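J.: What follows is each chain in one-letter form.
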Amino acid sequence: MTAGRLAALSLVICVATIGGYALLLGVPAVRNHPEGYVAAFAIAATVAGLAVALKQRWYAWAALALSLLLFGVGSYTNFVAAQIPAEPVVLRVGERPPDFTLPDASGTPVTLADYRGKKPVLLVFYRGSW
Amino acid sequence: MSPDRNEQSQQFAQRLRLGYRFVADPDLAVTRRYGLIHRRGGPGGADVPRPATVVLDREGVVRWASLSDNYQVRPDPRDVVRAVRALEP
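These protein sequences, in sequence, are chains Y and S. Taking the working numbering, the leading residue of the first sequence gets 11, the next gets one more, and so forth. Taking the working numbering, the leading residue of the second sequence gets -4, the next gets one more, and so forth.
Hints listed in this document are in silico derivations from the structure and should not be mistaken for laboratory results. Remember, it's a predicted structure, so these values are computed and weren't measured experimentally. Worth double-checking, as some hints may not be accurate.
Unchecked claim - Simulated crosslink set (DMTMM-like; lysine to aspartate or glutamate; CA at most 25 Å straight-line): (1) Y:128 - S:42; (2) Y:129 - S:42; (3) Y:129 - S:64.
As the list claims (entries may be wrong) - Ranges of calculated distance between the beta carbons of each label pair, as one might list FRET restraints: (4) S:64 - Y:117: 54 to 62 Å; (5) S:15 - Y:39: 53 to 61 Å; (6) S:22 - Y:83: 55 to 63 Å; (7) S:77 - Y:101: 42 to 50 Å.
What the hints assert, rightly or not - Covered stretches of chain Y (in silico footprint by chain S; criterion: 3 or more residues with CB under 8 Å from a CB of chain S, positions within the stretch not fixed): (8) 40 to 47; (9) 89 to 103; (10) 106 to 116; (11) 122 to 133.
All C-beta atoms, glycine included, are put in the ideal place defined by N, C-alpha and C.
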């Protein structure tokens, strides 16, 4: 394979990784393995490195720089920024969580204890839309 | 449950056509009592909720909980459905 083709392959891997992850975010197997995109960027950087080893052309260096940048950003995102520090455990299987009363979207108060003896409850905590 | 204002969660629910009840915890008081804070995880270093899914049975007891150490990860919906179906009828 020529340096040009290797550099192009590296670029394709980078673009396919970003596009694939974004498009397949709804698929648990993809979403729940973010280390996959880090590994893909590492492969892209390796391929670009081979391109540079073959021929020190600008496109090979550019592919290497891009893939290393994405690898760096991806690694930081997944292994540092996305990590949630441990907190003292409150939720335990077999125990009742704290009761609460909070307004719903129409302003009507919702009390967790009101569901006791009536229905199971699914609680989903999410980060919000900021 | 999220710190979003009611209007925001209402728009969110309508956009995704969700029938769930969205409740607002703007000062994260309840989220904090549940031990589900991601310290300094939001914009400007603000505390934000830690993503979590909890299944309570009819007696209000926790039967299944999914918390991740990585905010990119969420439970597989099939696992949630399985946990709900495993509750006593």
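J.: Just to make sure I understand the rule, a stretch counts as covered if three or more of its residues have a C-beta closer than 8 Å to a C-beta of the chain. Does the region 122 to 133 of chain Y meet that for chain S?
T.: With 11 residues in contact (Cβ-Cβ under 8 Å with chain S), the coverage given for the region 122 to 133 of chain Y holds.
J.: Determine whether the Cβ-Cβ distance between residue 15 of chain S and residue 39 of chain Y falls within the hinted range of 53 to 61 Å.
T.: Once the Cβ atoms are compared, 24 Å apart, the range 53 to 61 Å for residue 39 of chain Y and residue 15 of chain S is violated.
J.: Honestly, do residue 64 of chain S and residue 117 of chain Y meet the 54 to 62 Å range at C-beta?
T.: violated, 35 Å
J.: If you look at each residue in the region 40 to 47 of chain Y, do at least three have a Cβ nearer than 8 Å to any Cβ of chain S?
T.: Check passed, 3 qualifying residues.
J.: Assess, step by step, whether the Cα of residue 128 of chain Y is no farther than 25 Å from the Cα of residue 42 of chain S, and give holds or violated.
T.: violated, 34 Å
J.: Is 55 to 63 Å a correct range for the gap between the Cβ atoms of residue 22 of chain S and residue 83 of chain Y?
T.: violated, 33 Å
J.: Are there at least three residues in the region 89 to 103 of chain Y whose beta carbon sits under 8 Å from a beta carbon of chain S?
T.: holds (count 12)
J.: Would the hint linking residue 129 of chain Y and residue 64 of chain S be met if the CA-CA limit is 25 Å?
T.: violated, 30 Å
J.: Under the criterion that the straight-line Cα-Cα distance not exceed 25 Å, is the pair residue 129 of chain Y, residue 42 of chain S satisfied?
T.: Outside the cut-off at roughly 31 Å; violated.
J.: In this structure, is the beta-carbon distance linking residue 77 of chain S and residue 101 of chain Y contained in 42 to 50 Å?
T.: violated, 19 Å
J.: Examine the region 106 to 116 of chain Y: at least three residues should have C-beta closer than 8 Å to a C-beta of chain S.
T.: Since 9 is at least three, the answer is holds.
Taken one by one, the earlier hints fail for this structure at numbers 1, 2, 3, 4, 5, 6, 7, listed in ascending order.
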